[in-house]
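Number of protein chains: 2
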Amino acid sequence: MTEPQMKEKNLVFAADLGGTHLRAAAIDDSGEIYHRLKRTTPESASASDILSALVSAARECEEQTREHGVVGKASVAVAGTVNISEGTVLTAPNIPSLSGFRLAQSLGAELHKPVLIENDANAAAVGEMWQGAAQGVRSSVCITLGTGVGGGIILDGKLWRGADGSAGEIGHMAIEPFGGVRCGCGSQGCLEVYASATALVRMVRESAAHHPDPKLPGPEDLTAEAIYRWARGGNELAIDVFKRMGVYLGIGLASLVNILNPEMIVIAGGVANGWDLFSEHAIEEMRQRAFPLPASRVVIKPGQCGDNAGLLGAAKLAFNGSPAVGT
Amino acid sequence: MTEPQMKEKNLVFAADLGGTHLRAAAIDDSGEIYHRLKRTTPESASASDILSALVSAARECEEQTREHGVVGKASVAVAGTVNISEGTVLTAPNIPSLSGFRLAQSLGAELHKPVLIENDANAAAVGEMWQGAAQGVRSSVCITLGTGVGGGIILDGKLWRGADGSAGEIGHMAIEPFGGVRCGCGSQGCLEVYASATALVRMVRESAAHHPDPKLPGPEDLTAEAIYRWARGGNELAIDVFKRMGVYLGIGLASLVNILNPEMIVIAGGVANGWDLFSEHAIEEMRQRAFPLPASRVVIKPGQCGDNAGLLGAAKLAFNGSPAVGT
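Same order as they appear, the protein sequences are chains A and B.
Just so we're aligned: 185 in numbering that gives the first Met the number 0 is position 186 of the first sequence, and the numbers increase by one with no gaps anywhere.
Just so we're aligned: 62 in numbering that gives the first Met the number 0 is position 63 of the second sequence, and the numbers increase by one with no gaps anywhere.
Since the hints were derived computationally from the structure, they do not count as laboratory data.
Chain copies aren't distinguished; within one or between two, either way the pair holds.
Only pairs whose alpha carbons sit at most 25 Å apart, straight line, appear in this in silico SDA-like list of lysine to any residue: (1) K300 / A162; (2) K214 / N272; (3) K300 / D163; (4) K37 / T64.
Use the sequences and the hints to build the structure in full.
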């Protein structure tokens, strides 16, 4: 009599390459995550250093998950715009050395596997649909509130990439186009400058300049996490800044609801941890502005995948057969 | 030897039911229009009068096109939100008696044909894709600048209706959410209050109140058509109002380009006749605000179907087998 054999799993090496962190893991087709790792994105100006970091992460994941299965493909979510069919990073404002880099081809040559790349916010939207807040939902928008504001649009169960793969830039809808805050994209008054971690810090600085609050720490300690803690502790300035952020977000949500009439909007990213401080204001503002029918339909809820949304989405796109480049 | 027989055409009775006019025609599956008629929409408060007008138009079209073929279905584009699967008008701000009316079922019972209904701006988007500016284009947004501002979104060659059929309300994106002009939808600062015929008239009135211009006629003659003629004749106030309208439109275009990354945006509706007065400003504003990749991709052009866009789209949806109600 032979021992029962474990069925060998089909794994994907998934990476989420942001301006600050590189996250990676091996993920199976049921969404189980093996050997998750998180490293600092190399700060050097060289694409080859970033490539080396990805190769090292992939080899480590592959070695450490050998008992579970075989890694057949690699899939990288990148904080930038990408050409998925060529596997090229077009622009990556926070990882400038990657602009124009043939990432999928280069990584594929090192790993001897097909590699696909996707925008990180698009991947997060797919991750939340697969394993998170939008499971079973046919049309959803996932808004990622982090250092910036990203977005991914799911229509009829599929990622809407647009004509060039650059769709979903929800963070760059104009919310205050006249006299609004300048945005890194070159425009002004974009949602990103009112609803990101960076925006929270700027708004607290601006308010503190007008109404100095001795209980607030100095500028060097001013982070979105700290603002969240002060707000939870009852600091009115911090509470007010989260409220203002919620109102701006709600204006953007109302436009999205009127344009796309989605079933769900998922609010993901680190700033979504402050959900209890801004969501009520955002939803109220959305309801006051959007048409009653789509406003009553849409469910607005926080993401459930946390930091894993991009990794899970990258893996799911690989399992779904998104265009991959090379071996 | 027998005479060659004309192949009998498969016709659809198409109607475009607006707040002011009822347009109708029989249309064949190549987009040829037969016996087009245009009547005033009955002003009475009764849905049955509107139903009678549709029945009368349908019978006239059927009788007058008997030599060309057989009308198999009816399809009505309605200025309002509709439930296409039930064939019910949900809300129709400019034809209030239709709100809640089971239009497809009632018309089907009179005509003994399957009837489908669709939002008029959605139908116009389909019409422009089938026979107009967006032929061969896979992803486009059609913005209808008329009394109000409507929109229809085509993705992967199909109309995106959203979860409730209310998607595409481009006119109700917030452009100036704080302190903007009140909009009939209940919000403020919507695109509609800056880029519609109504908006042109309001902006001229506001400007004339500050800078009286004896060459401008009195308020009773103030129409978008008149403003267009004055602008073409060199009137600076009228030229400036078209320019401002173009800038507001361009802000909305930039947000759409960043969100959807479409191949084309078609500007349709009566106000699009002023294309030469506003398009340059709109496109310039869009280019300054939108991401370079999708901004350089998108083609922005005027509609080509004129008043027939809604009729053609309604017919095309019937030929494509959109859900129809009735016998």
